[in-house]
Amino acid sequence: MAPPQQSQRSPSPSQPSGKGEVSDLKSQLRQLAGSRAPGVDDSKRELFKKVISYMTIGIDVSPLFGEMVMCSAASDIVLKKMCYLYVGNYAKVNPDLALLTINFLQRDCKDEDPMIRGLALRSLCSLRVANLVEYLVGPLGSGLKDSNSYVRMVAVIGVLKLYHISASTCVDAEFPSTLKHLMLNDPDALVVANCLSALQEIWTLEASTAEEAAREREALLSKPVVYYFLNRIKEFSEWAQCLVLELAAKYVPSDSNEIFDIMNLLEDRLQHANGAVVLATTKVFLQLTLSMADVHQQVYERIKAPLLTLVSSGSPEQSYAVLSHLHLLVMRAPYIFSGDYKHFYCQYNEPSYVKKLKLEMLTAVANESNTYEIVTELCEYAANVDIPIARESIRAVGKIALQQYDVNAIVDRLLQFLEMEKDYVTAEALVLVKDLLRKYPQWSQDCIAVVGNISSKNVQEPKAKAALIWMLGEYSQDMQDAPYALESLVENWDEEHSPEVRLHLLTAVMKCFFKKPPETQKALGAALAAGLADYHQDVHDRALFYYRLLQYNVSVAERVVNPPKQAVSVFADTQSSEVKDRIFDEFNSLSVVYQKPSYMFTDKEHRGPFEFSDELGNLSIGAESADTVVPAQSVEANDKDLLLSTTEKEDGRDLGSNGSAYSAPSYSSAATSQSHEELALTNASVLGQAPASSFAIDDLLGLDFPVGGTAAAPPPPPPSLRLNPKAVLDPGTFQQKWRQLPISSSQEYSMSPQGVALLTSPNALLKHMKDISIHCIASGGQSPNFKYFFFAQKAEETSTFLVEYIINTSSAKSQIKIKADDQSSSEAFSTLFQSALSKFGSP
Amino acid sequence: MPPLMGIEFLCRVADVLNDYLGGLNEDLIKDNFVIVYELLDEMIDNGFPLTTEPNILQEMIAPPNIVSKMLSVVTGNSSNVSDVLPGATASRVPWRTADAKYANNEVYVDLVEEMDAIISRDGVLVKCEINGEVQVNSHITGIPDLTLSFANPSILDDVRFHRCVRFRPWESHQVLSFVPPDGQFKLMSYRVRKLKSTPIYVKPQLTSDGGTCRVNVMVGIRNDPGKTIDSVTVQFILPPCVLSADLTSNHGTVNIFSDKTCTWSIGRIPKDKAPSMTGTLVLENGLERLHVFPTFRVGFRIMGVALSGLQIEKLDLLKSVPYRFYKGFRALTQAGEFEVRS
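Quick note, the sequences are listed as chains D and F, same order.
Using our numbering, read the first sequence as starting at 160 and increasing by one per residue.
Using our numbering, read the second sequence as starting at 988 and increasing by one per residue.
Keep in mind the hints are simulated off the structure, nothing from the lab.
Accuracy of the hints is not assured; some may be wrong.
Said to hold, decoys possible - If you want the footprint, here are the derived chain D segments under chain F, 3+ residues with CB under 8 Å:
hint : segment
1    : 237 to 251
2    : 396 to 402
3    : 427 to 435
4    : 747 to 754
Glycine included, every Cβ here is placed at the ideal spot set by N, Cα and C.
Given only the sequences and the hints, what does the whole structure look like? Please build it.
Structure (structure tokens):
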């Protein structure tokens, strides 16, 4: 409606406007209010626009309230709309005005024009002033019965707004049941859709408190209702279709005929222009067929083409969202997409987050028939200008090599990377060659020839350097100058900043020593000396350990440091399959885009009580399943750094397998511990490290004396509360009780550093607590945040205690919430629980 | 909340605002904030999208175009909101206004295709596919029922339809049967995979020697589509290790911008000679040869041809109508993500 006097009308935010202008406007408005002259509407509009633009840029124009309302008495819709906007903005902050506003809007709710009725009702409900809700009920009631669908549609959403302002008023007026009636009987699709969305929200929120609402909520998923919606789906707007499809995805059909009926009905939705509809349909298909393996595969085939089309059309945001979903599906069923690998080729100017996803998919779909082409393509990216992507693509080549049987060609490619003379390419390739050799030792001859030519001076990145050093040590028998290369590295010990590299250097020199003793002896001596003087605790410890090991018996040392290795068959996956399944269950939500299940990124406070029970169910229930989750999580944590973690694991395994040989020697334990004690103490004093670390060493050696203030205080005398060691509680009961009982005690607690150190995985605490008859029903979370649900029962009676325990291991802060059947004993239980925590981690 | 619902909705809001304001930027929004308020009011309420169909919105809130301004001056009716509620909200075809009237009834159908291709340094076509759209601009009186059929629908790999297209006729005999919305809209989009050739070739050659790199790029017609190929451009970004570049061409102009983007605008490929661009890149000190090879992005337009080979067979009005109507067909192919590696 581009007004003619543009220059006068649009004040910029920088222009300071004060009271003068407001009072100016006021008098102008007053003049116009009563006027009936022709063209007066136009001038009113100009003034209104001015007022609104002032309001938008934050100038207080509330003194004009009376004049604004007077002027908008005329039936001009634009004036009305602007006036509604104005009153809506000021009623919230100014209760006196709110009452006036309500009168004004209530009058308009009875206007002849349905548009005005609708708009007035919408503005009325948008006021959100809690103490004025009683004025809403009347207009809403008549709005729901209005003859015009526009007004009904607005009224339905109005009911939802009323519910959020005052749930009781809304329920008392029996609006939900009116909505239900409308939903099932109204001829207008938009009204029906709004009813559905409003009812879902209301009943979900009500369900936790009212049984009836929970039943109604279930009823939404009943066959007649779902069928009613599905049969009308084409009448709905695209957004409402999404809503209906969401509903259908939750519906559980009784037999396979029903499933096929629904899929036939919805099949054309996959062709819809709106990506949201396509994705929602995909979800329905996937969920319906979960139990039918063959059909599920066919569904993948069917949805493939629409999803691939969606990726290549639309904005980058759309295509990324679709790509994330496709990524999930590709990871679940790579073989179905193996023919479509070209779709995952990266375009030059795609953003790197898209490229990264595509690279992962390319890796997943590689099989015997397409590996050659995929690897060729990936090699193109290695020369990419975008360095992170170049790195990713080299890693992808490596991953493909690790999952294929015929790696001949790939090894050649990787070796070519090593010769590309670009530092990051060399670095990544080195890491890969190392992993590759661990899986396919038979390739060592070819690789070593190339690796031997690489000067360690050209490799700067710690991971790559560590990989190179590992290979030097592992294959020193085949490399002529390995001892000398290692020697020169040892000479530059002080310039090596990464402890990881120094650790590897120590081990490599040891290995080399066993293979070529005369050449390496000098280097070994230098390395051990440098290691013993190293300021880094781990490096120091490892040097000392090697030193003593050699001192004790060289052949034992060789068995410990350089045992025959088995080829690694499978490298650990970064994400546990359970987490992946959870993400799949949450298909078509942000979980897929973030690649983690919703409980990891949503705050519990922001979720309704209903989701809470959901979450409990999702957390691993019972001790056995906790065991299955925990290793996966620890792997996840470790695997961020494949090299470090695998070598650590390997070392650990070495120790384990040689355990008998290792523990056999009768060390004078007193002497050892003494020297260690000295070391620990000098460390603490010289380097000013936290006493905790020295304590940890003593701890490691089983020493039991308190150091400084951090030591565990002597445990308080056990309270006279005895717990039943064989308490049982099923998860359902737990959830129910948790919902019913009030919080009897809520406390903050700081975990001792030793305890935190042990808490690398959730189940360490479980065992500790179980020893004192506090059982875990569910646990979960990812480092540093863990969450537990414990329960305990009194020994003599069936009174139960429930505990929610949340800890952040990085800050050592934790929170205890206790609920108890018997409120009087909760205090005693709380003390018991805290004393149990204080003992956690201490010997 | 499904992520795509949010994104699609935002895209739709942007489209609608674009339609209304003739563009989308901060100033336009500031100048028309009342319209923006009105539109948002109708499009979303309490976080749930309501009406996003442009036709319906236009009936509720008149767009601020010249015509309506003229009308308001002439008729003296200055409201930009219709007095009656849109009929379409209640009709069976919510995407169409019930009472469109035109003196000249006409339908224009455009095939607009974009070719995405990746060509390796040896000239091998790594990947080539076409994303196309059927755009229709219809101005027909009443509620017309149209059918559109293709001569070769089998080449289409995957299709997506505007909501007005009936699914069954397409499924049974690949005919598009629909009641069109009024005005311009996207009837369907499609994808054609596995194309065997591209209309033009681009052959980059880079040879490094002693700190400089010689570049030679040749462009020419590979498969004559029968129509002129114009707006041919070749664009690439110089690798960061290049200090300076000196490039010349025997046809068209070469521009090197400060962000190291290098654009060679060729325009129309001449009949008598093959355009080529030659020159040298000076590398950073200490670098013997180039390790990072630029990717050449190619642009072109071909009017009158749909390279996928898709052909419209006929467009019919289902019922006989008392007026004549004019049908027009056009086709256009342009480069999408067309890249050549070197």
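Do the hints match the structure? See the list:
no., hint, result
1, 237 to 251, "holds (count 4)"
2, 396 to 402, "holds (count 4)"
3, 427 to 435, "holds (count 7)"
4, 747 to 754, "holds (count 5)"
When held up to the earlier numbered hints, the structure conflicts with none and fits them all.
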